[in-house]
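Protein sequences, first through last, are from chains W and X. Position in the first sequence (from 1) plus 7 gives the number in the numbering used here. Position in the second sequence (from 1) plus 7 gives the number in the numbering used here.
Calculated from the structure, these hints are not laboratory results. There's no promise every hint is true.
[To be verified] Partial selection, computed: residues in chain X whose CB lies under 8 Å from chain W:
| id | residue |
| --- | --- |
| 1 | T31 |
| 2 | P81 |
| 3 | H115 |
| 4 | I117 |
Where a beta carbon is used, it is the ideal one built from N, C-alpha and C, also for glycine.
Here are the chains, one letter per residue:
2 protein chains.
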Amino acid sequence: MPKTLPLLDDVSPICCGPLGNSATLDLDDAIALAVRLKALADPVRLQLLAYLLAQPNQEACTCDLAPIVSLSEPTVSHHLKKLQTSGILTKERHGMSVHYRVVPEAIHAIARTLDTGTWAQPTLDQEARYCMVGAS
Amino acid sequence: MPKTLPLLDDVSPICCGPLGNSATLDLDDAIALAVRLKALADPVRLQLLAYLLAQPNQEACTCDLAPIVSLSEPTVSHHLKKLQTSGILTKERHGMSVHYRVVPEAIHAIARTLDTGTWAQPTLDQEARYCMVGAS
DNA sequence: CCACCTTCTTGACACATATCAAAGAGGTGG
DNA sequence: CCACCTCTTTGATATGTGTCAAGAAGGTGG
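Just need the whole structure built from these sequences, with the hints factored in.
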C-alpha cells in the first residue's frame, strides 16, 4: 500500500471553475476500501469464493480448494489468508484440517458501499472485524 | 501496456443462477470480474472517483483531478485510463481539455454482481459497453 | 515417541503496477 | 507558422504480488 497519498489541503480548481463542495474521500477510508476490493480483485480468489459459496455451509478446507483452481497448496493458502485478513472468510480448525467459511455480510457491505456511493468507512469496530490489515 | 486484459470475444455469457447454483466460476468470467475490481481497488482511483461523483455532471478534467490527489498529471492520466478501459469512466475531448465522466451503471453492475453472487459475466454487448479493453 | 497427514511459512523468482521526468501529441489563439 | 496549454506516452525505477519448492508447524493415531 503506497504511503504517498495526498492530503487534501490546498485544492485549487483551475480550468473548470469552482468545483462542487468537497465530498472528497478521506485517505484512510480510501485505503481501507481499496484493501477489501484488492482482496476480491483476483481471478483465483473469485473462483475460490464462488466454490465456497456453492457449498452447503459455505465452507471448505484447503485440501479441497487446491484442486479447484489447479494450484499448489501453499499458493492457495496464501490466497485464503488474504481473503481472511480482509474479513471475507473466517478460519477454523477442525482436527487436522482447516475450514474456511464465507462471511456474506462482508461481501454485502462492500457491494452496498459501492452502490450507494457512500464510500466512507464503517465505524471502527466494524472495521476491526472486516479489515484486519497487518494483523492475524 | 500490459496484455493481461481479457479479450471480449472470449467471454462466455454464462449467467449462473443465484448464489450457489454452480460450484465453479468460469476462468474467463473470473478474469473479467477481477479486471473491473482491480480498477476500483486503488486508493487514488477511489478518491478520483469520489471526487467525480461529487461533481454536478459527475465529470472533471485531468488538470482538476491531479491536485485532488497531489500526484503528477502523467500518473493521474494513468489512473484515469485504467478506470476508462474498465468502463467505469468515459472520456471526451472539449477543446484543449479532456472530460472524464462516471458511468454509474458500471459501478452498479459490479455491486450487483457481488451482492447476488451471480459472478458470471453480463452478456457480450453489455460487456462491450462496460469493458472496452483494447479499444479507445 | 514416531510416522503420518494437513496446513502454513520462508525464500526465490517472475511479472505487474505506481510513480515521476522528459518528450510527444492534440488543440487554441495570436 | 509559432508560442502555449492540456493531456498522454515513453523510459526508468521501486515496490507489490502470484507462484512454487522446500521445510517447518500443528494435530492424529499407533
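Hint check results:
For the restraint placing T31 (chain X) at the interface with chain W, the shortest Cβ-Cβ distance is roughly 6 Å, inside the 8 Å limit, so the hint holds. Checking P81 (chain X) against chain W: minimum C-beta separation of about 15 Å lies over 8 Å; hint violated. Given hint, H115 (chain X) at the interface with chain W, holds; its Cβ is 6 Å from that chain's nearest Cβ, closer than 8 Å. With a cut of 8 Å, the hint placing I117 (chain X) at the interface with chain W holds, because the nearest CB-to-CB distance is about 6 Å.
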